[in-house]
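The task is simple: from the sequences and hints, build the whole structure.
One-letter residues, chain by chain:
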Amino acid sequence: MIDFLVLIAVSVVIAATPMLFAAVGELVVERSGVLNLGVEGMMLIGAVVGFGVTMTTGSAVLGIGSAALAGAALALVFGVLVLTLMANQVATGLALTIFGIGLSALIGAGFVGMPIAGLPKLDIPGVSDLPVVGPLLFQYDAMVYLSVALTLAVGWFLKRTHAGMVLRAVGESAESAHSIGHPVIRVRYLATLFGGAMAGLGGAFLSLSVTPMWAENMTSGRGWIALALVVFGSWRPGRVLLGAYIFGGVTILQLHAQGSGGLGFGLPGQVFTMLPYLATIVVLTIISAGPWRGRFQAPACLAQPFRPSV
Amino acid sequence: MSLKFEPRREIPKSLVYGTPLLAIALTILSGYLLFMFLGLNPGSTLYIFLVSPLETRFGLAELAVKAGPLILIATGLAIGFRANVWNIGAEGQLTIGAIFGAGVALAFWGDEGFWILPLMFVAGAAGGMLWAAIPAFLKTKFEVSEILTSLMLTYVATLVLSILVHGPWRDPEGFNFPQSRLFTEAAILPIVLEGTRLHAGAFVALFAAVAAWVLLTHTVTGFQVKVVGQAPMAARFAGFSQKGTVWFSLLLAGALAGLAGMIEVAGPIGQLTPQLTPGYGFTAIIVAFLGRLNPLGIILAGLVMAISYIGGENAQVYAQLPQAATGVFQGMLLFYLLASDFLVRYRIRFRSAKHQAAKPRREVAAT
Numbered sequence: 001m002i003d004f005l006v007l008i009a010v011s012v013v014i015a016a017t018p019m020l021f022a023a024v025g026e027l028v029v030e031r032s033g034v035l036n037l038g039v040e041g042m043m044l045i046g047a048v049v050g051f052g053v054t055m056t057t058g059s060a061v062l063g064i065g066s067a068a069l070a071g072a073a074l075a076l077v078f079g080v081l082v083l084t085l086m087a088n089q090v091a092t093g094l095a096l097t098i099f100g101i102g103l104s105a106l107i108g109a110g111f112v113g114m115p116i117a118g119l120p121k122l123d124i125p126g127v128s129d130l131p132v133v134g135p136l137l138f139q140y141d142a143m144v145y146l147s148v149a150l151t152l153a154v155g156w157f158l159k160r161t162h163a164g165m166v167l168r169a170v171g172e173s174a175e176s177a178h179s180i181g182h183p184v185i186r187v188r189y190l191a192t193l194f195g196g197a198m199a200g201l202g203g204a205f206l207s208l209s210v211t212p213m214w215a216e217n218m219t220s221g222r223g224w225i226a227l228a229l230v231v232f233g234s235w236r237p238g239r240v241l242l243g244a245y246i247f248g249g250v251t252i253l254q255l256h257a258q259g260s261g262g263l264g265f266g267l268p269g270q271v272f273t274m275l276p277y278l279a280t281i282v283v284l285t286i287i288s289a290g291p292w293r294g295r296f297q298a299p300a301c302l303a304q305p306f307r308p309s310v
Numbered sequence: 001m002s003l004k005f006e007p008r009r010e011i012p013k014s015l016v017y018g019t020p021l022l023a024i025a026l027t028i029l030s031g032y033l034l035f036m037f038l039g040l041n042p043g044s045t046l047y048i049f050l051v052s053p054l055e056t057r058f059g060l061a062e063l064a065v066k067a068g069p070l071i072l073i074a075t076g077l078a079i080g081f082r083a084n085v086w087n088i089g090a091e092g093q094l095t096i097g098a099i100f101g102a103g104v105a106l107a108f109w110g111d112e113g114f115w116i117l118p119l120m121f122v123a124g125a126a127g128g129m130l131w132a133a134i135p136a137f138l139k140t141k142f143e144v145s146e147i148l149t150s151l152m153l154t155y156v157a158t159l160v161l162s163i164l165v166h167g168p169w170r171d172p173e174g175f176n177f178p179q180s181r182l183f184t185e186a187a188i189l190p191i192v193l194e195g196t197r198l199h200a201g202a203f204v205a206l207f208a209a210v211a212a213w214v215l216l217t218h219t220v221t222g223f224q225v226k227v228v229g230q231a232p233m234a235a236r237f238a239g240f241s242q243k244g245t246v247w248f249s250l251l252l253a254g255a256l257a258g259l260a261g262m263i264e265v266a267g268p269i270g271q272l273t274p275q276l277t278p279g280y281g282f283t284a285i286i287v288a289f290l291g292r293l294n295p296l297g298i299i300l301a302g303l304v305m306a307i308s309y310i311g312g313e314n315a316q317v318y319a320q321l322p323q324a325a326t327g328v329f330q331g332m333l334l335f336y337l338l339a340s341d342f343l344v345r346y347r348i349r350f351r352s353a354k355h356q357a358a359k360p361r362r363e364v365a366a367t
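Residue numbers (our numbering), protein chains in the order written: chain H, 1 to 310; chain R, 1 to 367.
Incorrect hints may have been included.
Claimed, not checked - Now the stretches of chain H that chain R is said to cover, found in silico as 3 or more residues with beta-carbon under 8 Å: (1) 85-95; (2) 227-234; (3) 276-287.
Said to hold, decoys possible - A short, non-exhaustive set of chain H residues, derived as facing chain R with CB atoms under 10 Å: (4) V82; (5) L103; (6) I107; (7) G221.
Hints were generated in silico from the structure; no laboratory data involved. Note that the Cβ used here is the ideal one computed from N, Cα and C, for glycine as well.
This is how it looks when you write it as structure tokens:
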């Protein structure tokens, strides 16, 4: 029983990690006042580039690095459009997703069905072999730890550093931040690039670790769920982490429910596949409707274009 | 030398309608470079994408078949976008509309009543409206972002469709394939052009776009939508209801998307299958922008975008490109369109540093 629970917990963490990467990246973007709806597209590009580079070079490190760069490159396109050319952020984000879905399929056409060895699990002598604690904490691959470390780092950065304060100021009031001399556009570019790199990492984790393969559109909406997680986490890294693991739980729950023949209810498997999407809607509604409504507001300047008046 | 951007006071009409052409030209150029980069023959691949759909009578008819749903959906979305209502779940509304329409067709399977098709139209529109009502309700009641809810519902709709075609609605004589019975004659839209797939649905799309144009340009409702989107404050003073506009634009878009779905199953497909569209609901977003959120422009934009679908299919056959390559073109087109909008809103001035330095001195001299 214990072993089974540990197994479940481990699979929850793995299912949550791609969304965690993407959501924490998008959190930083949104805290700077930019809404990038292209997460799904950037994740897909990360997934295909990460897979392709790992397969051709044999180096997962190179693959992961290229995935982050590819995500950032796509984010740069978004940045030029919405920050320099002040295009509509919602429309540009959608364009990024449509473009990312297409481009990733085009690049990945030759990789479909190719096998690849997944990322190696960490093996620390002594601790990794401990019962329960070992598999629960010390047997993931490096990217799982990286996702948690980056989440903590973002939390620390936003709360404790000067640069983090500037970033938040830019998101809350671009005008005031500009008037006291902060480079609004530059800050937003950097945040956007960071968000893209994180989405790329999330995608790479998907194609290198969760299911080590490439398939067209393999993110199947995880990028959008990551966007919802930012709202769920009320723009705070700790809560986004929690939210990602809860959603990882929902994902695993639906897999197990399907595997056990609909938990004895005789429901078709698709009903359970709907769960993460339905859960997203329900959670968003609870967040927006509850008594806490208004306490966790989005950054005041979210999705508003800014052009320095001087 | 420096660049200076000045907001335009008046927006020249030539630019508003010229930028889509510029965007199309830049997309073609980028496609050329992309294909070259991928090691394909860029000239012939582009030819397959852009010209081959226009070469045959069948291809031209297909253009109308594919443009129909795009025009129908984009018209509904454009009205919402004007009012800042971001319904991006048209794909799901289309799916539910198709399910409702197909439900009627299957319920009266074998009957020959002339009323079956009209009933399917009503059911399709109602299905789409029902699906769009969910984000509308959540948006007006709890301020939940319609972007995320309408999109999540698209995944749910696809799964509902999958349950039906794998389960209760599966064709009993279909060798276990996940698809419904083929509709009988009374539930199929008549073919307009012999030897092609061009069906009566294309005219529904044309009619809806013209009707929406009249609505937007000649009625108070159209004006209200515009004011709520562009000047929410003014709209409040004028007593225009924000919530009413959200409901109106989502229900209308849902109805049109649902209609598009019903027309797809009653037209070219003729039955319910797990995969109903090549992403019409998302492409319609681009069509709406390419058409400048104007229903008449959307008719043209729908035709342009239909080329990319047929070209994509041809490229799959002749150049072994994945169907999704179409999305690359569509995404690039929207990028360029949004980027070139900058030219519409701002005037770009090149200035040399010398010129800037010289200016104050002249002012001094004048005083």
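Checked hints:
no. : hint    : verdict
1   : 85-95   : holds (count 9)
2   : 227-234 : holds (count 3)
3   : 276-287 : holds (count 6)
4   : V82     : holds (8 Å)
5   : L103    : holds (5 Å)
6   : I107    : holds (8 Å)
7   : G221    : holds (5 Å)
Checked against the numbered hints given earlier, the structure satisfies every one of them.
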